[in-house]
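Each residue of the sequence shown is one higher than the one before, counting from 2 in the working numbering.
Source of the hints: derived by calculation from the structure; they are not laboratory data.
Each hint should be verified, as a subset may be incorrect.
[Unchecked claim] Below, computed lysine-lysine pairings styled on DSS-like, alpha-carbon distance capped at 27 Å:
| no. | residue 1 | residue 2 |
| --- | --- | --- |
| 1 | 279 | 251 |
| 2 | 68 | 180 |
| 3 | 243 | 66 |
| 4 | 110 | 251 |
| 5 | 110 | 279 |
| 6 | 340 | 92 |
| 7 | 97 | 307 |
[To be verified] So the derived label-pair ranges between C-beta atoms look like this:
| no. | residue 1 | residue 2 | range |
| --- | --- | --- | --- |
| 8 | 43 | 115 | 32 to 42 Å |
| 9 | 89 | 298 | 12 to 22 Å |
| 10 | 80 | 40 | 44 to 54 Å |
| 11 | 283 | 89 | 50 to 60 Å |
| 12 | 435 | 325 | 47 to 57 Å |
| 13 | 85 | 324 | 51 to 61 Å |
| 14 | 58 | 89 | 46 to 56 Å |
C-beta: ideal position from N, C-alpha, C; glycine also.
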Amino acid sequence: MRINEQSMESTGIFLKRKIIFLLLIFLFILNLKPDEIFLNKDSELKDYLAYSALKNPGLEAAFNKWKASVEKITRVKVLPDALISFSYYIKEIETKTGPQEQKLGILQKFPWFGKLGLKSDAAGKTADAFKQIFEQKKLNVFFKVKKSYYEYYYISRAFEVIKKNIHLLRNLEEVVRTKYSTGETSHSSLIRIQIELDKLQDRLSTFSYLKRPLRTLFNSALNRPFDSKIFLPERMKGKFVKIGHQLLTKWIKEANPGLKAAEKIIEREKIGIKLAKKNYFPDLSLGLDYIFTGESDVTGVPDSGKNPLIARISFNLPFHFGKLRSSVREAAARFRSVKKEKEEKENSLLSKMDMVYFKLRDQGRKISLYGDTLIPKSKLALEVTRSAFTSGKVEFIDMIDSLRTLFDLELLFERAKTSYLQHIAELEMMTGKEFSRYKTNSFPVLEEETKQEKQHG
């Protein structure tokens, strides 16, 4: 009775997993219909992410591996195929009741109690691990898309900054030409401003050449032609995150799909130890043989020509204890190995998160510094210097320095905003969480660490 209850429970678990799996497939198809995904000038980052989720070949491969592992659960939880045999007696065996001519038999092997359940549970853990691997692959693809998208946006913004500064320099060149014609400035001033213009044109060309490989990298994640156009918003919305170090650590330990996959593998190997110990017990085989018997040549023999039916039972003898002990030790070693692998993976993730978290905070500080302090002051300094240069109160070199300072700060500001978004995308990949509910249209610095975090370094 206990065995039947365990079998029913195992069957219930399997059906539950099957239903969940089919539901996930349904939701996957429902949310990502090919005919509903169009990329045009109104497309946002979320549209590109949805497109990559449907089209990325690596993600599709991971999904099919998960699907295949779920199908395996059905195969391992059922009994082995029955063996049917047919024997034809070349020389008939004479018996009292008549000659035995043919024999038909069937044999069914029954693994020791609990083996099938353990195999099913192990296959289920493997399927759960592949599901988490699929989730991790999806996060990796999304990070690749986000990082390339933000980088491409930075190149576009840098383009605008450079063109704006080229426009300012050309206006200044006209002023210098006028001053040169009236003898108010030297010819070297005109040459210097032309040199600055050439330097900006060179940087513009560099960014122009960089666009192509970035576009290729972005489109490769979407599995579409490498020269496909990328549509960008006029302004990228910033994200204001108030997430402390301790919370990020907690999220990584609890929600990182790679760690969850490793945990499922640990559980599978733990089941493997139990399964190895089951090999100490024999597997039983039950069979029936039906023998076709001819009529006896002797008249009046009772049961003449009657076909006998024979029941038989057999089992293997697990007497090779050295082999069995070795199998258990092997399973235990695999269990210890995957535990250490998970520990190493967790340590690696947490140390990487520390560095990304530091970079995120540093970029947030720079965004605040450039946007709130340095750039406004540089613009004011440029206006003052321009007025002083026009009236002849400062040298031309002062004007160039002011322009160059503002230009460098504006590029650094755009770089800091892009890096900030990329670091958030990386943390989202590591934690398996979306930070969208923390976003605003500004880029303030991350909130200060709590006293408890400071005390713990």
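Okay, the hints, checked on the actual structure:
Between residue 279 and residue 251, the direct Cα distance comes to roughly 38 Å. Violation of the 27 Å bound is thereby established for this hinted pair. As the CA atoms of residue 68 and residue 180 are separated by approximately 76 Å, the hinted pair breaks the 27 Å bound. This hinted pair does not check out: residue 243 and residue 66 have alpha carbons roughly 37 Å apart, beyond 27 Å. A distance of roughly 48 Å separates the Cα atoms of residue 110 and residue 251; the hinted pair therefore is violated under the 27 Å criterion.
For the hint linking residue 110 to residue 279, the alpha-carbon distance of about 15 Å falls within 27 Å, and the restraint holds. Proposed proximity of residue 340 and residue 92 is contradicted: the alpha carbons are some 62 Å apart, above 27 Å. Restraint check for residue 97 and residue 307: the C-alpha separation of about 11 Å stays at or below 27 Å, so the hint holds. Distance hint for residue 43 and residue 115: a CB-CB separation of about 59 Å, inconsistent with the stated range 32 to 42 Å.
For the pair residue 89 and residue 298, the beta carbons lie near 21 Å from each other, so the given range of 12 to 22 Å is met. Remark: the range hint 44 to 54 Å for residue 80 to residue 40 is upheld by a beta-carbon distance near 51 Å. Range check, residue 283 to residue 89: about 31 Å between beta-carbon atoms, so the 50 to 60 Å window is missed. At roughly 49 Å, the beta carbons of residue 435 and residue 325 sit within the given window of 47 to 57 Å.
For residue 85 and residue 324, the hinted distance range of 51 to 61 Å is not satisfied, since their beta carbons lie about 30 Å from each other. A C-beta distance of roughly 55 Å is found between residue 58 and residue 89, which places it inside the suggested range of 46 to 56 Å.
Of the numbered hints stated above, those contradicted by the structure are hints 1, 2, 3, 4, 6, 8, 11, 13, listed in ascending order.
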